[in-house]
Amino acid sequence: MNALIMSSLLLLAAAALLLSLAIRRKIALRHAVGRLGGGLKASNLDTFSHRALRSDSKYFDSEALQLLNQLGWRSARQRTIFLIVQITLPLALLLVVLLVQSFSDQQSNSNLSWLIPIFALGVGYLIPKRVIAKAAKSRQERLAVEVSTMIPLLRMLFEVGMTVEQALRVLTDGGEKILPEMRRELKHVLLRVDAGLDLGRELREAAFLMQVDELSDCFTILEQLLQQGGGGMSSLLSLKELLDDRRMTTLQERVSKMSAKMSIVMMVFLFPALLIVLAGPGFIAIIQALGEMG
1 MNALIMSSLL LLAAAALLLS LAIRRKIALR HAVGRLGGGL KASNLDTFSH
51 RALRSDSKYF DSEALQLLNQ LGWRSARQRT IFLIVQITLP LALLLVVLLV
101 QSFSDQQSNS NLSWLIPIFA LGVGYLIPKR VIAKAAKSRQ ERLAVEVSTM
151 IPLLRMLFEV GMTVEQALRV LTDGGEKILP EMRRELKHVL LRVDAGLDLG
201 RELREAAFLM QVDELSDCFT ILEQLLQQGG GGMSSLLSLK ELLDDRRMTT
251 LQERVSKMSA KMSIVMMVFL FPALLIVLAG PGFIAIIQAL GEMG
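Using the numbering used here, the first residue of the sequence shown is number 1, and each one after it goes up by one.
Lysine-lysine pairs mimicking DSS-like chemistry, simulated, CA-CA at most 30 Å apart: (1) Lys257 x Lys240; (2) Lys129 x Lys187; (3) Lys134 x Lys187; (4) Lys134 x Lys240; (5) Lys137 x Lys187; (6) Lys257 x Lys134; (7) Lys261 x Lys137; (8) Lys134 x Lys177; (9) Lys240 x Lys177; (10) Lys137 x Lys240; (11) Lys261 x Lys134.
FRET-style restraints, in silico, Cβ to Cβ: (12) Val265 x Glu241: 32 to 40 Å; (13) Leu275 x Thr250: 33 to 41 Å; (14) Val131 x Ser102: 27 to 35 Å; (15) Arg246 x Glu165: 25 to 33 Å; (16) Arg201 x Val131: 26 to 34 Å; (17) Ala279 x Val131: 46 to 54 Å; (18) Ala135 x Lys261: 23 to 31 Å; (19) Lys261 x Arg201: 43 to 51 Å; (20) Val145 x Gln224: 17 to 25 Å; (21) Pro180 x Ile127: 23 to 31 Å; (22) Ala195 x Val85: 24 to 32 Å.
Since the hints were made in silico from the structure, they are not lab data. Ideal Cβ placement from N, Cα and C applies to all residues, glycine included.
When you get a sec, could you build the whole thing from the sequences and use the hints?
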């Protein structure tokens, strides 16, 4: 038990060390921006530090890093919060279990009491991942739905003579209510374009990070428009029809599954009632006839 307490203290010290390193890196980044003369705005600081965050990937496993990207948590502050939660939650659960076991009278009677702290440590480590995995999946579904809304808007903007970058900026400025999740991704892409990066490359990278098929197809067509300067209107129309057919197929599958579930509910709840109403008088008549014969 003393070994477990020592290990929890060591893990707590490691969490404090990682937190101090993250704070020192962010302070150094702000000092670097200040030495450049304030050319970067403070609101854009987290966005321009995205590539520097790749060096922090050693603190996360590949699954957690991918989930954070899909959730849109790319800033240093957000990733530091997740790192702190992922480290402190297992330690907190471990300490709670150790305290409960120290005050429990049944501790000495159990030979497997050491498994409970290890189990609590593992559960505390997995809970943050499962939470962000669920949130990331929900955000991917919202993005897939918003792509179907964005494509007609893009076609209208292209028809009035706007370029790809101009159309994306219009959607970013006015799409807060219509495309909230897509607006966040486009805003991130356009901020990096303003820093001098290539728009097609940033669209491709955003599609790779999000892992949404609808978004990848749409950004591929936009990249084609950037390279060729035209010929993408028919592709956008075909993509919109494909997405509509896919959504219709998904809805039909959900309706068919719901029909099967409702059939089970009807058999469980309605069949006994129908049996009582239809067969009840016959059973009563048979019982009365048997009673008269007796």
